[in-house]
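*Asks:* Quick mapping for you: the protein sequence lines, in order, are chains A and B.
Just so it is clear: in the first sequence, position 98 is 98 by the numbering used here, and no numbers are missing.
Just add 1000 to the spot in the second sequence (first one is 1) and you have the numbering used here.
There may be inaccurate statements among the hints.
Simulated pairs of lysine to aspartate or glutamate, EDC-like, Cα-Cα distance not exceeding 16 Å [to be verified]:
| # | chain 1 | residue 1 | chain 2 | residue 2 |
| --- | --- | --- | --- | --- |
| 1 | A | Lys-41 | B | Asp-1009 |
| 2 | B | Lys-1102 | A | Asp-85 |
| 3 | B | Lys-1102 | A | Asp-30 |
| 4 | B | Lys-1102 | A | Asp-96 |
| 5 | A | Lys-40 | B | Glu-1008 |
Rather than coming from a laboratory, the hints here were simulated on the basis of the structure.
Here is how the chains run, residue by residue.
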Amino acid sequence: DTAVSQTPKYLVTQMGNDKSIKCEQNLGHDTMYWYKQDSKKFLKIMFSYNNKELIINETVPNRFSPKSPDKAHLNLHINSLELGDSAVYFCASSQDPSEAFFGQGTRLTVV
Amino acid sequence: AQSVAQPEDQVNVAEGNPLTVKCTYSVSGNPYLFWYVQYPNRGLQFLLKYITGDNLVKGSYGFEAEFNKSQTSFHLKKPSALVSDSALYFCAVSLLGSGTYKYIFGTGTRLKVLA
Chain A
1 DTAVSQTPKY LVTQMGNDKS IKCEQNLGHD TMYWYKQDSK KFLKIMFSYN
51 NKELIINETV PNRFSPKSPD KAHLNLHINS LELGDSAVYF CASSQDPSEA
101 FFGQGTRLTV V
Chain B
1001 AQSVAQPEDQ VNVAEGNPLT VKCTYSVSGN PYLFWYVQYP NRGLQFLLKY
1051 ITGDNLVKGS YGFEAEFNKS QTSFHLKKPS ALVSDSALYF CAVSLLGSGT
1101 YKYIFGTGTR LKVLA
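Hey, can you work out the whole structure from these sequences and the hints?
*Replies:* Okay, structure coming up:
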């Protein structure tokens, strides 16, 4: 069983569209994250949720809205996609303060 | 500002030779320290961590890291490199803030092991 799974793995869409990426973890962790990895491989935290509550919200445009229906899921919805949103988005979970477990990533390409 | 530095974008080493991937950090308090590895088109995989205790920690695939508080470093090491170790390596610190832990990652170091 995959510990942290995210779908889809690849997403190609046009500018201006709205899209969602789903993430689920079956580890029973309290904390979930979204990270963005750009073309230079830099990893930057976007959001952190603890028991469905938003804890960390870095300087991310309002077009990005995370939603956590329960502590096993953290979805990322993106409105009005822009070319600069193209990146690999990683979901992760952890039981603080231990190591984080990462999903396989969603490669988003905005054309 | 709290940060993690990996001063080398790339490290090349011959197979069978020892390898070191450097990491230094600048944070307040006592951080938890981690190393992760990323293979092409994959997510990050946990290698090892330092929470407390012995400064030398051992992890997966024969890797180890030494925590040096005075130098605020946590360098990743392996006595004998394998071609299959070629990947992107990230150092990270975990800090408590706003009631939960936040991971700050270094910029990554690409390790290339030459046959």
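*Asks:* Could you run down the list of hints and mark each one as holding or not?
*Replies:* Taking the hints in turn, this is what the structure says about them:
1. Lys-41/A with Asp-1009/B: 11 Å, holds
2. Lys-1102/B with Asp-85/A: Roughly 23 Å between the alpha carbons, so the hint for Lys-1102/B and Asp-85/A is violated.
3. Lys-1102/B with Asp-30/A: 13 Å, holds
4. Lys-1102/B with Asp-96/A: Given pair Lys-1102/B, Asp-96/A holds - Cα atoms ~9 Å apart, limit 16 Å.
5. Lys-40/A with Glu-1008/B: 14 Å, holds
Hint violations for this structure: number 2 only, all remaining hints satisfied.
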